[in-house]
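Trainee: One-letter residues, chain by chain:
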Amino acid sequence: NAGVTQTPKFQVLKTGQSMTLQCAQDMNHEYMSWYRQDPGMGLRLIHYSVGAGITDQGEVPNGYNVSRSTTEDFPLRLLSAAPSQTSVYFCASSHTGPSNYGYTFGSGTRLTVV
Amino acid sequence: AQKITQTQPGMFVQEKEAVTLDCTYDTSDQSYGLFWYKQPSSGEMIFLIYQGSYDEQNATEGRYSLNFQKARKSANLVISASQLGDSAMYFCAMRELSGGSYIPTFGRGTSLIVHP
Numbered sequence: 008n009a010g011v012t013q014t015p016k017f018q019v020l021k022t023g024q025s026m027t028l029q030c031a032q033d034m035n036h037e038y039m040s041w042y043r044q045d046p047g048m049g050l051r052l053i054h055y056s057v058g059a060g061i062t063d064q065g066e067v068p069n070g071y072n073v074s075r076s077t078t079e080d081f082p083l084r085l086l087s088a089a090p091s092q093t094s095v096y097f098c099a100s101s102h103t104g105p106s107n108y109g110y111t112f113g114s115g116t117r118l119t120v121v
Numbered sequence: 134a135q136k137i138t139q140t141q142p143g144m145f146v147q148e149k150e151a152v153t154l155d156c157t158y159d160t161s162d163q164s165y166g167l168f169w170y171k172q173p174s175s176g177e178m179i180f181l182i183y184q185g186s187y188d189e190q191n192a193t194e195g196r197y198s199l200n201f202q203k204a205r206k207s208a209n210l211v212i213s214a215s216q217l218g219d220s221a222m223y224f225c226a227m228r229e230l231s232g233g234s235y236i237p238t239f240g241r242g243t244s245l246i247v248h249p
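Protein sequence lines, in the order shown, are assigned to chains A and B. Here the first sequence stands for residues 8 to 121, numbered as in the working numbering. Here the second sequence stands for residues 134 to 249, numbered as in the working numbering.
In case anyone wonders, no lab produced these hints; they're calculated from the structure. We put the beta carbon where it would ideally sit given N, CA and C, even for glycine. Treat the hints loosely; a few may be bogus.
Simulated DEER-style distance windows between Cβ atoms [said to hold, decoys possible]:
id	chain 1	residue 1	chain 2	residue 2	range
1	B	ARG196	A	PHE17	31 to 37 angstroms
2	B	GLY176	A	ASP33	19 to 25 angstroms
3	A	GLY60	B	GLN190	23 to 29 angstroms
4	B	GLN202	A	ALA9	31 to 37 angstroms
5	A	MET48	B	PRO173	14 to 20 angstroms
6	B	LEU230	A	SER25	31 to 37 angstroms
7	A	LYS21	B	LYS206	44 to 50 angstroms
8	B	GLU189	A	SER87	49 to 55 angstroms
9	A	THR22	B	SER213	47 to 53 angstroms
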């Protein structure tokens, strides 16, 4: 089925470990983004990309890196995990422009840093 | 200042009644889009409805309608004839031009519980 695929669904890390959250979409969407969701805080934008080779920071980028080498993939890297990065992470994609296209979300990754 | 404000952390409604979830937004752009998403307890994000800033008619999608009051900068979601399956978190979002790209900002959400 077409959509946004996020892996893994669950992950436990120790403080200081690094890891990569994977996100792939097969809808040829130009825009891809990563959000974190914390209780009472809604979804906060970490990083986003409007095309291959183009990335930019969102509201809460510290501690995270991204790259966009292909249209389909947009991995999120945690460089040195901290307990404050315990959260649910969502990848979302859409076509760009002022259209009525909604954002397609992945199923989320629940990350716990101990 | 928050770009999207959802003032109701939690709402309760009786099954089959209508409910309005509030959303106000802050932008100086003329061209922007407003969205509502539903997040059930399973965690997935489900797109419900969209309203463009230049749309003169309020958007409707089945039992969902968006009460768009541009001068007041509000985009309230109205759910008619509530069902038990409507119990979920609801997020309002706005997409506006930022640095040459249309980037969405989400509110903090409203938790809706539908009672039988």
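Trainee: None of the hints should be skipped; say for each whether it holds.
Mentor: Consistency of the hints with the structure:
1. B/ARG196 / A/PHE17: 31 to 37 angstroms: Since B/ARG196 and A/PHE17 have Cβ atoms about 33 angstroms apart, the given range 31 to 37 angstroms holds.
2. B/GLY176 / A/ASP33: 19 to 25 angstroms: Distance hint for B/GLY176, A/ASP33 holds at roughly 21 angstroms.
3. A/GLY60 / B/GLN190: 23 to 29 angstroms: violated, 39 angstroms
4. B/GLN202 / A/ALA9: 31 to 37 angstroms: With a Cβ separation near 35 angstroms, B/GLN202 and A/ALA9 satisfy 31 to 37 angstroms, so the hint holds.
5. A/MET48 / B/PRO173: 14 to 20 angstroms: Distance hint for A/MET48, B/PRO173 holds at roughly 19 angstroms.
6. B/LEU230 / A/SER25: 31 to 37 angstroms: holds, 34 angstroms
7. A/LYS21 / B/LYS206: 44 to 50 angstroms: Taking Cβ atoms as reference, A/LYS21 and B/LYS206 lie about 45 angstroms apart, which means the hint holds.
8. B/GLU189 / A/SER87: 49 to 55 angstroms: Given range 49 to 55 angstroms: holds, Cβ gap about 51 angstroms.
9. A/THR22 / B/SER213: 47 to 53 angstroms: holds, 48 angstroms
Violated hints amount to a single one, hint 3; each of the other numbered hints is respected by the structure.
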